[in-house]
Amino acid sequence: MISFSRFTLDNGLKILVHEDRSTPLIALNILYNVGSKDEDPGMTGFAHLFEHLMFGGSVNIPDYDTPLQMAGGENNAFTNNDITNYYLTLPAANIETGLWLESDRMAGLDFSQKNLDTQKSVVIEEYNQRYLNQPYGDAILNLRPLAYKVHPYRWPTIGMDISHIERAELDQVKDFFYSHYAPNNAILALSGNISDTEALELVKKWFGTIEKRKIRKKILPVEPHQNEARKLILEKDLPADAIYKAWHTVQRTNDDFHTLDLITDLLAGGESGRLNTILTRELKLFSEINAYITSDLDPGLLIISGKLMKDVTFSEAETALEEVLTGLSSEKGLYDEMEKVKNKFEATSVFSNTSILNKAYSLCSYELAGDAGLINQEVGKYRAVDVAMVMSAAKKYLRDTNCSSLYYKSLRANK
Amino acid sequence: MMSDVQRLRPPVYPVGKVNIPEANVLNLKNGIPVFIIESGTEDITRLEFTFRAGQVREKEALVASTTNMMLTEGSVYHKAEEISSMLDFHGAYINSSYEKDRAGIVIYLLSKHLSKILDLGREILFSPAFPENELETLMKKRLRWFLVNREKVHNIALDQFFESIFGKNHPYGRQAIEDDFSSIKPSLLREFHKLNYLPSNMAIIISGRPPVNTKELLEEFFGDLPGQELSPGSEVLHPRGEGPKKVHIPRKGAVQTAIRIGSATINKRHKDYPGLKILDTILGGYFGSRLMKNIREEKGYTYGINSLVTSFDLSGYKAISTEVSTKYSRNAVEEIYKEIDRLSNEPVSNEELNLVKNYMSGEMLRMFDGPFALAESFRAVWEFGLGNEYYYRLAERIKTISSDEIMELAQTYYNIDDLYQVTVGEE
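Top line first, the protein sequences correspond to chains A and B. For the first sequence, position 239 matches number 239 in our numbering, and the numbering has no gaps at all. Numbering-wise, our numbering comes out as the position in the second sequence, counting from 1, plus 1000.
Think of the hints as simulated: they come from the structure by calculation, not from any bench. Treat the hints with care, as some may be off.
[To be verified] The calculated DSS-like cross-link candidates involving lysine-lysine, where the alpha carbons are at most 30 Å apart (straight line), are:
| hint | chain 1 | residue 1 | chain 2 | residue 2 |
| --- | --- | --- | --- | --- |
| 1 | B | Lys1152 | A | Lys284 |
| 2 | B | Lys1299 | A | Lys174 |
| 3 | A | Lys284 | B | Lys1079 |
These figures come from a predicted structure and were not determined experimentally.
Construct the entire structure; sequences and hints are all you get.
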């Protein structure tokens, strides 16, 4: 059970505080409700590029990192389809340094051409390192546009084409800031060695006078229902064949979300998951295989990806995979396995509560999904999933006509 | 908008003395040492069994890692699937850990399941079956993983770097090749297990909030194991750098070049090591480091660059690593040497030294925050025969080191002629 207090400032900034006196540190998390789904299709990758620019200096502070390090702090950030999230930890006595830094860059950035040019180049190298210079690194770049035809989830956070980053201009940067970065579009959490009254007072002091801004309205196209199996085969110089399959599912606030999450745990949660037990161990068709669900605010995907063993054909591998998925529509083995994955889910949630950073982020993330209090309901909701729900969700979502399949075919003779 | 007066920088308070809880030490009746570090707010336990059974103990490549990975692939009582189901059913996470010097397993569990998990842990560690069929499957999988990893410039550079600085015949430096994956037989693993996975070669490290009867449970499941004599190991072979100082491995079409520059150096037992840690932090050990500032934030050649100093039993090593745009690889290498050179020739400014000192003081709080971090920090000194006095010494060095001392350390330990350079990429 995570106890927390919740406040809202007059300018719309939401604040969550969790007190944990077992640590000498405080974690500060700020979530901005802007992600790659809010980008213009001609300007993708911008939310993530912007995350880099947020470290390039603000109105009163020329360099973000130095004062933080001077106060013994450590920080980082990430961007995904829905959000941009910034986080740091500091010795408790120095928390004001963190609030000073974060409030200053919320109040206004120092937009400089030099910073933009350098960070464009850093992001291009990030793209090269993570997506182009790794075998299978571009899988997600190919899978998303296959699964989504109109919704902005069709492009990855890094952007659908790196030329979009190359073209980014300073005016667009300014416009992006003022239409998305604002107290009324952010959620702030403090977790660690601080009381809620002290936290509120300090946040008010540093953020209270930043004015509300007009946030660009989210008008997101609804992805039309998929009703045909989609396939894409790519031939590449790779050491092994690989398969990626994606099924449309639901948003994380949907009633079926926990059932689908539990299904991916039955399939691939831990060494004893069905995919590993049957396809890797027993039939020796895959060298590795994984399943997960994207936890998105708009309808997301259930993704299964695996690399084939030597001399295994796509059709053998896929037929066996389909059989495992069909198995979810039968009660056989389900009761015991469900008890197992529920126990594991509960344990995982306790483990993640040992980190003040995790707690601060989770509070923000659940608040964005509707209510920070959901953090304490997750285990119960997951426990409430029953066999009938699993069987019916498997039938409903894991259909061939709801699936996009991407095949990497190795061109090597002796693969 | 708030006036600038109100936006004045808040004062920074020095980080107080780090408070490191001492481990509770006990010995089981057969002599197995147990270290218990009580900490945290949740009823969870981190349980580590560690043996001197790492790569350094193997004669053929892959034997130490495979022995370790096969522990959960079937015991004389249970099949692999049964073992993993039992662990998953109790919500436990198991990590096999195989390193240069040590190997073992780490299990994260809810404290209420400790008895069950200790029972299973004993079985996994001391009654493995090394079944032929599972071994064959594992080696086929490992070969596929290996082939995928050998496509990554980062991994190729890492393997070659260890070979260059430690020598290709030393277990620290030896690279696996494709054929090694077909030569591992159950008998090799049984022999390695028999020699190295012995109660007399083991320690148990526990952190979190273990149940009150932990000591009794440990006696029950581990206290009666026969304490065998350790076979005297063969003569210790010392790692030595060999081969050309600069190696380039061509990868046609790579859009980035992986760079690794460094050498063997002193390890944690040496008195200069804490100072070397500070020097390394200045160079590339944090986000504001000189390498990051120059090569990423000024020039945009890379997504990231860092340096590290770390310790193995027989040697330490230091390394700078990065992946940079192919077209800038030459400039990046040049800039790296410039930064190394600067350490020996130019005193660090007070401002920069203070920054690093403050950053590292904060880092020391993070190193002991929570049961998982505490156990890792404990092991990181225990395996060198050291205790918390190492950390207090490090904290003291952080507080007192001068820029002259930093320069002297650089002159002693960062001689450019001693460094090995590995690049993997185009041209």
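Worksheet entry | Distance restraint between Lys1299/B and Lys174/A, which requires alpha-carbon spacing of 30 Å or less | With a Cα-Cα distance of about 23 Å, the restraint between Lys1299/B and Lys174/A holds, given a limit of 30 Å.
Worksheet item: Taking only the CA atoms, is the gap from Lys284/A to Lys1079/B under or equal to 30 Å?
Response: Cα-Cα ~17 Å, so holds.
Worksheet item: Can the restraint linking Lys1152/B and Lys284/A be considered satisfied, given a maximum Cα separation of 30 Å?
Response: Distance ~25 Å between Lys1152/B and Lys284/A Cα, so the pair holds.
Every hint, counting from the list given before, is met by this structure.
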